[in-house]
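Given the structure of chain A, go ahead and fit chain B onto it with the hints provided.
Chains as they are written, first to last, in my numbering: chain A, 1 to 367; chain B, 1 to 367.
Check each hint, because a few of them may be wrong.
With a Cα cut of at most 30 Å, we get these calculated DSSO-like pairs of lysine-lysine [said to hold, decoys possible]:
hint, chain 1, residue 1, chain 2, residue 2
1, A, K229, B, K91
2, B, K366, A, K235
3, B, K335, A, K52
Keep in mind the hints are simulated off the structure, nothing from the lab.
All values derive from a computational prediction rather than experimental measurement.
2 protein chains.
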Amino acid sequence: MTELRVVEEDFINLNPLQTGGRTTPDVRKAVNSFIDGYSVCDWCLGDVNTIKNPDIQGLRDDIGKFLGADEVILTNGCREAKYAVMQAVCKKGGKVLADVNRHYSTDVAAELAGLKMEFVQNSGSPEFKIRAEDYAKRIDEVSPDLVLLTHVDGNYGNVADAAKVGAICRKKGVPFILNAAYSAGRMLVDNKKIRADFIACSGHKSWAVGGGNIGLLGVNNDFKDKVLKRSSEYKNKILGILGCSARGSSAVALLNSFPSVKKRVKDWGKEVKNAQWFANKMLSINGVELIGENPHQHDLMQFSTPVFYEISQKHKKKGYFLYKFLEEKGVRGLKAGRTKNFKVSTYGLGMEKLKYVFEVFREAAKL
Amino acid sequence: MTELRVVEEDFINLNPLQTGGRTTPDVRKAVNSFIDGYSVCDWCLGDVNTIKNPDIQGLRDDIGKFLGADEVILTNGCREAKYAVMQAVCKKGGKVLADVNRHYSTDVAAELAGLKMEFVQNSGSPEFKIRAEDYAKRIDEVSPDLVLLTHVDGNYGNVADAAKVGAICRKKGVPFILNAAYSAGRMLVDNKKIRADFIACSGHKSWAVGGGNIGLLGVNNDFKDKVLKRSSEYKNKILGILGCSARGSSAVALLNSFPSVKKRVKDWGKEVKNAQWFANKMLSINGVELIGENPHQHDLMQFSTPVFYEISQKHKKKGYFLYKFLEEKGVRGLKAGRTKNFKVSTYGLGMEKLKYVFEVFREAAKL
Chain A
1 MTELRVVEED FINLNPLQTG GRTTPDVRKA VNSFIDGYSV CDWCLGDVNT
51 IKNPDIQGLR DDIGKFLGAD EVILTNGCRE AKYAVMQAVC KKGGKVLADV
101 NRHYSTDVAA ELAGLKMEFV QNSGSPEFKI RAEDYAKRID EVSPDLVLLT
151 HVDGNYGNVA DAAKVGAICR KKGVPFILNA AYSAGRMLVD NKKIRADFIA
201 CSGHKSWAVG GGNIGLLGVN NDFKDKVLKR SSEYKNKILG ILGCSARGSS
251 AVALLNSFPS VKKRVKDWGK EVKNAQWFAN KMLSINGVEL IGENPHQHDL
301 MQFSTPVFYE ISQKHKKKGY FLYKFLEEKG VRGLKAGRTK NFKVSTYGLG
351 MEKLKYVFEV FREAAKL
Chain B
1 MTELRVVEED FINLNPLQTG GRTTPDVRKA VNSFIDGYSV CDWCLGDVNT
51 IKNPDIQGLR DDIGKFLGAD EVILTNGCRE AKYAVMQAVC KKGGKVLADV
101 NRHYSTDVAA ELAGLKMEFV QNSGSPEFKI RAEDYAKRID EVSPDLVLLT
151 HVDGNYGNVA DAAKVGAICR KKGVPFILNA AYSAGRMLVD NKKIRADFIA
201 CSGHKSWAVG GGNIGLLGVN NDFKDKVLKR SSEYKNKILG ILGCSARGSS
251 AVALLNSFPS VKKRVKDWGK EVKNAQWFAN KMLSINGVEL IGENPHQHDL
301 MQFSTPVFYE ISQKHKKKGY FLYKFLEEKG VRGLKAGRTK NFKVSTYGLG
351 MEKLKYVFEV FREAAKL
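Just chain A, same shape as in the assembly (with noise of 0.2 Å):
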């Protein structure tokens, strides 16, 4: 069989894409006991959302108490949920107007709608911000059939100001979907506050989900018709998503791991202090700049780091010395090769290990 993975088991995981999804005792146990293929659908009423043994219901009513989300059902990623959200909303041809700092993905379900893309600039080096009240003037430009924003970006960790995007598309009439992949999960996400129409979550993303793909669409009453359509001959099935979608342990795992997101989200002030702490930390190694958000609101960090492509240039494992320096110090997560700019995540780790991880920094540079 394939060789294990034990990445979490011996190494501190910097990975973005990984620490928000680090799985509980609880998870583990039972998607090792729902592992077999549709095995939630023992007990199926006609659709993976209304199950209510395993009681999926049950968690959708959960999460869209704690999305402030009218409805929530499953998706099979976020990127499902923001393109389910696209084919229903915008009329062919149309436009989406998002972030510039958007996940790649927006793009992809955009043009797969058959969907043109605007954007709203950032601020630019070094913090690379989006300015909600360039929203404002951006619909008005653009007229777009939906906006989107991304709540929090993958690629400077950069917290955008949801609340007031929210509020601009609401004045201006224009259906707006939330990009939560890196918030929602990790810091409490109320969309009471935000009035988004759509909320797009990635389960394996930031809800601690193991065990395949999940993700999550909140949407608001206003839009339930239209993007909750089901089938015309299958009355059960919503058609945005093809009918049934995480159809397997996936389902379960979130149902599992809900409850400790619920925990972890009231500590999202610890975990944005321990991120400030990191970053300012690697701030003081000569040369290094934080690329994003300063003072960080996230734990998702970017890097400049000249210090380490200098010493790449001369080290006999050249671009590869960083890497293979870290993971000999059991520290994993940083892409192989890469030494001039970097992002980690410094979610869940805790001061103790945090403060090892900047010592092996500290060390690599002065290799």
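Same frame as chain A, now just chain B:
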């Protein structure tokens, strides 16, 4: 946490959705090890399909050879594979010609792609067979953009003559997709003989894959440019599946189930023999009829069982008596409440268990 699922551990499971998706110990170990979100992406090269560690690229090559398809990609499931083909191959408002025994997800995928369904009828009661030759006439009548055949349908477990439909489609010059959800992974499906342009497979239905959703799409060279088209901006990302699909432990599950699948398809003859033995035994119970092909060629079968309906009319547990009786005897997988007719799958159970299951049904018929 959720109550643990013990269906496979404590019961003989006859649920047709589930028997081909039972995991092996290797799969369970691997999924557990790769359980965290985005675990397969440790060594991402820009697309989950090209990852070499774990060797998803090699797996796709091997499955391509196994299926006789020029290229195989991972999808979220069989329905998502069908949708990827339909939206790429058919013009908007075009027609899909399918067998009337098709799975509901065929219709839903066509509807989402903005297509109209046309049908090839079956032979009616009691066999409900699809006659491959009927496709020729219907193609002439309908001029479809795409022809779909459900290789083995999920209602009757009839095995259609895919090679004959393939030959007709080649002759008529119409693209042909084979829905192999209940065939590939159980029996050997060799597309060198069938000559379909596309094969859609269900990992969790027939490839012993746990850990979430996964499917496969086999594409022949003629259609690679169209169906595996990359996003215009992101050259690594296949547009029709929104870039990366099965981006979790399900990919590792398939990697570890495939060796057992390659082996088990060789035992398909024995599986069919066992299924026929069971079907014939059931027919010995008062009034029981097989709904579908007879002699039966697949482990999935449907019975008409007036005897159980009659018992339910006077039993204190009413329609639930049968489910309850089976459960007490350690047999699961029938829909609770059903007595007039039901579906079972004999897949992978072996003669000893099948003999026991038959005895349980015989006893139930005496209640």
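Consistency of the hints with the structure:
1. A:K229 - B:K91: Between K229 of chain A and K91 of chain B the Cα gap is close to 23 Å, so the pair holds against 30 Å.
2. B:K366 - A:K235: The hint is violated at about 38 Å.
3. B:K335 - A:K52: Roughly 15 Å between the alpha carbons, so the hint for K335 of chain B and K52 of chain A holds.
Violated hints amount to a single one, hint 2; each of the other numbered hints is respected by the structure.
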